[in-house]
Amino acid sequence: MVKAIEVSGLIKQYDGLAAVSGISFSVEEGEIFGFLGPNGAGKTTTIRMLTGLSKPTAGNARVLGYDIASEITKAKKTFGVVPEQSNMYDELTGLDNLVFMGQLYGMPRPEHRTRAEELLKTFGLFERKDSKFATYSRGMKRALTITAALVHKPRLLFLDEPTVGLDVMAARSLRAIIKQLKESGITVFLTTHYLEEADILCDRIALLVKGRVVVIDTPARLKAMAEEKPALEVSFKMPLVKAADELGRRLPGLAVVKVDDRIRIYGGDADVVLHAILGYATENGTQVASVSSLRPSLEDAFVKLTGLSPLVMAAEKGGR
Amino acid sequence: MWYENLRGIYYIALKDMKTYYLKPPAISWGIVFPVAWILAFYLRNPRNFEELVPGLIAMTVLFSTTAMEVVVINFELRLGSLERLLLAPVSLSGVLFGKILGGTIFGLMITVVVTLVSVISLGIFNVNIIYLILVLLPSLLVFSSLGALLCVLVKEVFEAQTLANLPRFLMVFLCGVFMPISSLPPVLKQIAYILPLTYTVDGIRQSFGGAGDIAIAIDIVVLIALIPVLILPATRLLARRFV
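So the sequence lines, in the order shown, correspond to chains A and B.
Reading the first sequence from the start, the letters are residues 1 to 320 in this note's numbering.
Reading the second sequence from the start, the letters are residues 1 to 243 in this note's numbering.
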């Protein structure tokens, strides 16, 4: 079976500096493959090479079986690209933008209009089909940019940072759309620096740092790699100043750490730990407000596997 | 591949007409500027206005094709919409030629209007239509290609507009629009012969039954030869933006 994407030793250098340093990976048809990494990791450079906007310095890649060096025009008919920038034509209406895309891809005259209208309905833009792109909200612009990449019915969709700059609700609805695309059989290659987004959407994730793929696996397995010791987090209805020190004494050998008004206890038998917590609460005249078992997040996995601070990713979130 | 490129060129040209060219600023710049120049010369010497008609048409060709062409590519590069065209199954040279064709069609429309109004209002009916078409079509392509080349030589929209004024004004004064090339000093005459507007003005003048400095066949051949001379470097310069 032909892979959706096969990349082998792909290198991109600008003025001798490596933007992508010999990456290799493959993407199966029908999966959502996440390319996760901080800004400057080489995510967009990789997409540009795979979609023919930039020539690799070395290495090779095939997209849906087509060699990107010699068969890029054939490959272009099979994939759609949603760039980071919503780059449709301000002067054209939503419908005209989509019809123009259908024309460029050689869709027959009645079909491109029907397809455009069908997509506008699916993405909730039909009411605004005759409004100029310039008048659309940021979320609507993003949605139209995605529909433009789908007009020619691609088998593979490249999504470059699709939710950057969107408000919470728009980002959430866009994620739902991405899941629908997968359900309709489209392979999705998604670049993002939002860890939680990759966790929610992706079947497999490649962590990219400084132009190199550090690891590729499912979100669950990546998180399992970060799991060291089980941990419990407890909070009391009446916060106690010395709770962490006292619990530390009652649970020798375990790490007890105060995090804001909560206490984290790493390792040990859950039954013993719970007894110690309840005993301490009773003796000090308070009650347990909450107890939860902590699971490692993708952020924990990212930190462990890349050695980078999560701030490297969080710093770019723009307050989201 | 060639078929996909032709289709892409056609639809890009149509799209550019719709988005940029058929807008009041483009139309006014394409028509008003040459008309204003000619009006100034007409007021100075109304009796010999017929002699200025070939120059008026040539200037219309020059300004109508270059006015937007020097802007659109950098404008779309800045907005990222040129990349959208390159993501479609169309080659980079196909995208560039689509842009050039858009400018050419717009220039043709404006030039036809200016020519018809001039010919009818002045009662000039001894026009060799075949010669005129053979001179105008390559001229429109040449100046649209020149606009594209000037555009990709620089990165900013305003830089291209400023840069375009240098060859445009040089050509207006040296290429026989207002005064015959034969009356120029020898050094300026040599410069005139390397500027494309010289061949456009000379060819149009002969189409209108006037005397030319160069054989009309040479005018046409030079203009046709200049098209790839301008398009090839423009393609290479544009390709450098996508290394």
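Because the hints were derived from the structure by calculation, they are not lab data.
This structure is a prediction, so every number in the text was calculated from the model and none was measured.
Backbone N, C-alpha and C define an ideal beta-carbon position, used for all residues, glycine too.
Incorrect hints may appear among the rest.
Selected chain B positions facing chain A (Cβ under 10 Å, derived; list incomplete) [claimed, not checked]:
#1 G80
#2 S81
#3 V90
List time: in silico DMTMM-like cross-link candidates among lysine to aspartate or glutamate, alpha-carbon distance up to 20 Å [unchecked claim]:
#4 K77/A to E159/B
#5 K23/B to E31/A
#6 K77/A to E4/B
#7 K23/B to D90/A
#8 K189/B to E111/A
#9 K153/A to E111/A
#10 K129/A to D67/A
#11 K179/A to E31/A
#12 K189/B to D96/A
#13 K18/B to E31/A
Fill in: Hint check, V90/B versus chain A [nearest Cβ-Cβ separation less than 10 Å]
Given a least distance of 7 Å, the restraint on V90/B holds.
Discussion item. Need the status of pair K77/A, E4/B: alpha-carbon distance at most 20 Å?
Written reply: 11 Å, holds
Worksheet item: Against chain A, with CB atoms and a cut of 10 Å, does the hint on G80/B hold up?
Response: 4 Å, holds
Fill in: Pair hint K179/A and E31/A, alpha-carbon separation not exceeding 20 Å
At roughly 10 Å apart (the allowed maximum being 20 Å), E31/A and K179/A satisfy the hint.
Discussion item. Hinted pair, alpha-carbon criterion (20 Å max): K77/A, E159/B. Please report holds or violated.
Written reply: It is violated: about 36 Å lies between the C-alpha atoms, which goes past 20 Å.
Practice prompt. Sort out whether E111/A lies within 20 Å of K189/B, counting only the CA atoms.
Written response: 57 Å, violated
Worksheet item: Is K129/A within 20 Å of D67/A, Cα to Cα?
Response: 37 Å, violated
Discussion item. Would the hint linking K18/B and E31/A be met if the CA-CA limit is 20 Å?
Written reply: Since the Cα atoms of K18/B and E31/A sit roughly 39 Å apart, the hinted pair is violated (cutoff 20 Å).
Fill in: Straight-line alpha-carbon gap K189/B to D96/A, limit 20 Å
Violated, at about 50 Å.
Discussion item. Would the hint on S81/B be counted as holding, given a Cβ-Cβ threshold of 10 Å to chain A?
Written reply: 5 Å, holds
Worksheet item: Between K153/A and E111/A, does the CA-CA distance stay at or below 20 Å?
Response: 11 Å, holds
Worksheet item: CA of K23/B to CA of D90/A, is that 20 Å or under?
Response: Holds. K23/B to D90/A sits at ~14 Å (cutoff 20 Å).
The structure is inconsistent with the numbered hints 4, 5, 8, 10, 12, 13, although it conforms to all the rest.
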